[in-house]
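As numbered in my numbering, residues 44 to 519 make up the first sequence, in order.
Keep in mind that the hints were calculated from the coordinates and are not lab data.
Because the structure is a prediction, the values reported are computed rather than measured.
Beta carbons are placed, not taken as given, at the ideal position from N, Cα and C, and that holds for glycine.
The reader is advised that the hints may include incorrect statements.
To be verified - Now the in silico label distances, taken between C-beta atoms and shown as ranges:
1. Asp96 x Asp70: 24 to 34 Å
2. Lys218 x Pro144: 38 to 48 Å
3. Ser105 x Ser208: 12 to 22 Å
4. Pro114 x Pro73: 26 to 36 Å
5. Asp450 x Val79: 41 to 51 Å
6. Asp96 x Arg169: 22 to 32 Å
7. Gly290 x Pro73: 50 to 60 Å
8. Asn432 x Glu397: 20 to 30 Å
9. Lys100 x Glu126: 26 to 36 Å
Claimed, not checked - Straight-line distance between alpha carbons at most 16 Å, and here's what the computed EDC-like set of lysine to aspartate or glutamate pairs gives:
10. Lys263 x Glu466
11. Lys455 x Glu481
12. Lys325 x Glu185
13. Lys517 x Glu481
14. Lys517 x Asp261
15. Lys120 x Glu145
16. Lys325 x Glu89
17. Lys325 x Asp229
18. Lys97 x Asp229
19. Lys75 x Glu185
20. Lys484 x Glu244
21. Lys501 x Glu447
22. Lys478 x Glu244
23. Lys120 x Glu329
24. Lys263 x Glu89
25. Lys363 x Glu329
26. Lys461 x Asp54
27. Lys461 x Glu443
28. Lys119 x Asp282
29. Lys218 x Asp101
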Amino acid sequence: MAAKITPRGKDYSQWYIDIIMEAKLADYSPVKGCMVIRPRGYALWENIQQTLDKMFKDTGHSNAYFPLLIPESFIKKEAEHIEGFSPELAVVTVGGGEKLPEPLVIRPTSETIIWSMYKKWIQSYRDLPLLINQWANVLRWEKRTRLFLRTTEFLWQEGHTAHASQAEAHEETLKMLFVYKSFAEDFMAIPVLAGLKSESEKFAGALQTYAIEAMMQDGKALQAGTSHDLGQNFAKAFDVTFQDQAGALQHVWASSWGVSTRLIGALIMTHSDDKGLILPPKLAPEEVVIVPIFKNENKQQVLEYAHRLLKQLKTHYRIKIDDDEASSPGWKFAESEVQGIPVRIEIGPREVNENKLQLARRDTGEKLQINYSEAVDTIKKLLEDIQNNLFHRALMFRKENTHELTDYKEFKRIMEDKPGFVESGWCGSLECEAKIKEQTKATIRVIPLGREDDEPKKCIYCGNPGQYLAVFAKAY
RNA sequence: CGGGAUGUAGCCUAGCGGCUAAGGCGCCUGCUUUGGGAGCAGGAAACCGGAGGUUCGAUUCCUCUCAUCCCGACCA
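Please model the complete structure; the sequences and the hints are all you need to start from.
Set out below in structure tokens:
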């Protein structure tokens with residue numbers, strides 16, 4: 044009777060915490076707002092890292108590492124940037140027992156320290172583009188925290204690129220946005236909307252912010268990644284110039300983009316159910332678990348059979364065997380479900396005698412019996428099928444909970460009764476956006492890309508001609 | 001930072017102004033078991049979140065404080 048997961052329907056927040064605790068992904072730390080990422084959670088992050096890192100390298104980026112501590116004066120150089128971040132900063136004022144001449148800020152993001160270095164490294168158009176990524180921890184003092192979704196310290200990746208033209212920087216911004224989109228969809232099996240952020244949701248210091256937004260099972264939106272066109276804002280703040288081919292001095296154009304351990308929160312809330320975690324096979328720390336079932340008189344045969352299978356599958360899959368003799372099969376079944384392992388192979392005397400295997404898939408709970416000899420191929424197909432099913436299931440859910448609306452009353456009703464995404468016209472004014480937020484708690488998540496040709500609608504709030512098609516939702 | 005809730009063994013909870021602080025889960029030992037969270041026997045483990053106060057006596061009552069969770073405002 045160990046794992047007790049609160050059902051989603053009863054208390055969604057508690058369900059989320061229970062999943063994390065029972066699956067041993069993370070734990071609370073002694074410091075408020077911080078979390079410990081446990082081995083199972085970190086293994087997930089490592090898989091995310093590995094895949095994304097390859098995608099970054101494939102698009103020409105290199106990794107580097109910039110320091111944690113940033114002179115306070117750097118942060119203050121870009122006006123909008125400091126204004127946006129100052130409430131969240133942690134500042135070091137004492138070092139080695141002595142008061143520091145200048146306080147040091149623990150990075151909330153690294154634009155400033157990176158651009159201070161880019162000033163040194165960039166002189167000519169020949170030095171561009173400069174395409175650097177770093178994997179790092181950052182710190183933002185948060186008033187309200189939630190495991191993985193919002194913690195004071197979190198792990199992320201931040202790309203910082205420098206370009207010779209505005210067009211190129213913009214292209215890079217979009218390119219990386221779509222890298223995120225394909226990562227989310229192809230690996231995490233999370234359908235996302237890619238689009239532009241409104242002015243009020245924009246990154247402090249950017250010209251434009253783009254984001255991918257996912258829908259969680261409670262109908263709320265989660266921003267899963269952002270990509271910013273920084274224009275020349277940081278280049279100007281740090282006076283980073285280059286000589287172009289004509290010999291003229293210009294400020295450099297920039298982009299930055301990031302995803303964080305928040306993705307793990309997105310993963311949990313997109314796929315998991317009341318029995319525990321559900322993981323997409325491509326990112327699961329283990330794709331397969333073998334559970335041997337035996338009595339004393341057939342223990343030998345069953346274990347031999349199971350280990351023979353393990354040895355054979357090991358070269359194809361991330362796999363483990365749960366052959367601990369102290370716990371019962373039922374316990375192990377439940378445990379594999381709590382942990383979200385996509386495929387479980389049950390092997391008892393029946394299977395041994397008939398030279399078969401019993402497979403159980405985590406996403407649907409369905410069980411099927413196959414011949415031993417079919418194992419490698421069937422599991423391959425099954426894993427692919429699970430990966431696809433998770434994506435389609437999430438996509439269906441999003442479709443069912445996305446409403447195209449022109450009536451504000453209906454908008455309010457939906458946000459109250461059964462929140463989801465609402466696609467509506469928006470006139471572009473800050474006032475309408477703010478009013479909607481005040482009255483419904485919903486914000487503009489994105490102005491989706493690729494929908495520019497849709498017939499313009501009237502603003503859902505004021506009724507004036509809509510400038511944009513906007514997606515509204517309550518958000519994490 | 002406002003509102004609410006909760007702090008008793010690793011976890012969940014019971015308890016009462018007074019005797020050795022009780023139970024379940026988990027853990028350890030042994031035996032027995034194993035097809036959906038097994039059984040029996042034995043065992044270890046708690047300065048009852050912290051400080052102060054009331055009292056002959058406080059885990060229990062009072063005050064303060066700290067921490068965590070939930071809801072709001074602010075944010076990836």
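Going through the hints against the structure:
1. Asp96 x Asp70: 24 to 34 Å: With a Cβ separation near 26 Å, Asp96 and Asp70 satisfy 24 to 34 Å, so the hint holds.
2. Lys218 x Pro144: 38 to 48 Å: holds (42 Å)
3. Ser105 x Ser208: 12 to 22 Å: holds (21 Å)
4. Pro114 x Pro73: 26 to 36 Å: holds (29 Å)
5. Asp450 x Val79: 41 to 51 Å: Once the Cβ atoms are compared, 47 Å apart, the range 41 to 51 Å for Val79 and Asp450 holds.
6. Asp96 x Arg169: 22 to 32 Å: About 27 Å separates the Cβ atoms of Asp96 and Arg169, which means 22 to 32 Å holds.
7. Gly290 x Pro73: 50 to 60 Å: holds (58 Å)
8. Asn432 x Glu397: 20 to 30 Å: holds (28 Å)
9. Lys100 x Glu126: 26 to 36 Å: Once the Cβ atoms are compared, 35 Å apart, the range 26 to 36 Å for Glu126 and Lys100 holds.
10. Lys263 x Glu466: Satisfied, since the Cα-Cα distance of roughly 14 Å is no more than 16 Å.
11. Lys455 x Glu481: Holds - the C-alpha atoms of Glu481 and Lys455 are around 11 Å apart, at most 16 Å.
12. Lys325 x Glu185: violated (32 Å)
13. Lys517 x Glu481: Holds, at roughly 11 Å.
14. Lys517 x Asp261: holds (10 Å)
15. Lys120 x Glu145: holds (15 Å)
16. Lys325 x Glu89: holds (12 Å)
17. Lys325 x Asp229: holds (9 Å)
18. Lys97 x Asp229: holds (14 Å)
19. Lys75 x Glu185: holds (10 Å)
20. Lys484 x Glu244: Answer holds: Lys484 to Glu244 is near 14 Å, not above 16 Å.
21. Lys501 x Glu447: holds (12 Å)
22. Lys478 x Glu244: Roughly 15 Å separates the two Cα atoms, so the pair holds.
23. Lys120 x Glu329: The given pair, whose Cα atoms are some 46 Å apart, is violated under the 16 Å limit.
24. Lys263 x Glu89: violated (27 Å)
25. Lys363 x Glu329: This hinted pair holds, its Cα atoms lying about 7 Å apart.
26. Lys461 x Asp54: Holds, at roughly 15 Å.
27. Lys461 x Glu443: holds (11 Å)
28. Lys119 x Asp282: Distance of about 14 Å is within 16 Å: holds.
29. Lys218 x Asp101: Cα-Cα ~12 Å, so holds.
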